[in-house]
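Q: Sequence:
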Amino acid sequence: MRAQLLLLAATLLTACSAPAATLAAATGTPSIPSSSSTPTIRPSPTLTPPPTEPPCRSQPGTVRTDEIEDPALGRTLPYRIYLPPCYTERPLPSYPTLYLLHGLASTDSQWDDLGIDETATRLIQSGEIPPLLIVMPWERRGLDYLTDLPDVLVPTIQRLYRAAPERSARAIGGLSRGAGWALRIGLQRPDLFTAVGLHSPAVLTPDLYYLPDWLEAIPSGIEPSLWIDIGDHDPLLAPTEELRAILDQADYPYEWTLDPGRHEPAYWIDHLETYLRWYARPWETASPAASP
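First residue of the sequence shown? That's 763 in this note's numbering, and the numbers climb one at a time after it.
Because the hints were derived from the structure by calculation, they are not lab data.
Here the structure is a predicted model, which means the values were calculated and not measured.
Hints are not guaranteed to be accurate.
Computed Cβ-Cβ distance ranges for the label pairs, DEER-style [stated by the list, open to error]:
no., residue 1, residue 2, range
1, 824, 1035, 17 to 23 Å
2, 930, 909, 18 to 24 Å
3, 981, 1004, 21 to 27 Å
4, 850, 871, 20 to 26 Å
5, 917, 1012, 38 to 44 Å
6, 869, 985, 27 to 33 Å
7, 871, 909, 22 to 28 Å
8, 837, 1012, 33 to 39 Å
9, 974, 929, 20 to 26 Å
10, 953, 1022, 36 to 42 Å
11, 1027, 832, 28 to 34 Å
12, 930, 824, 40 to 46 Å
13, 1022, 828, 34 to 40 Å
14, 1036, 999, 17 to 23 Å
Note that the Cβ used here is the ideal one computed from N, Cα and C, for glycine as well.
Modelling step: build the complete structure from the supplied sequences, incorporating the hints.
A: Printed below as a string of structure tokens:
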């Protein structure tokens, strides 16, 4: 019995004198690092901030007024031009250009007063149409639109602004009498304009007479796209139907819209977005986006 007690005492004495690491291993308890050890610090991941909208994209487009003094004109040619958002702050190399002509007894302010600039800004900022220039000349007495617009105004806009030089990036349209001018100029100068828009058109009888000749003279392959719209209570509906009959007889394609409305600003205001979407449709893939 005495021998068994001596053996037990020796076993306990050996266990108490064992190193801490041995005890930890024996009991399964993790060891505690010494105070001299340096912990490894892992840096927190860096979050990439979301892209911010260029400040100019939140700003509206601007309308400038100017005039051309050219001895060939005999008098000045006033015009307004709409410049899209980012035109100055983040400019693109070039922009498609839309020429919009006013109606009889109106001025270069008519399209501006209807809200074409606010409408264009809204559609550009929402990404529905690409950035574009809109030129609104004033047909003053003594000017000859048929030559002054293509030969003087268009080159001036090309020189002073970043207007794309290609025919495919240029369109012309008008309302009422301005639509009659757009038809005459656009079809006789298909080398300059890729699209012609006629909104509530007031086309003179002589122009209807010469229209078949204009259509026949257009070189193959550069026929301008043609749009016609008018209100169902517009007094110019009958001559517009005559215009359509001539186009149908010549088998010339066009887009036609007859909507409720009269020959008045309320009708045109309701259609501004439709007009701009149609003009800009060929430019949606050809023009770069306004944002970088």
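Q: Which of the listed hints are broken here?
A: Structure breaks hints 5, 12.
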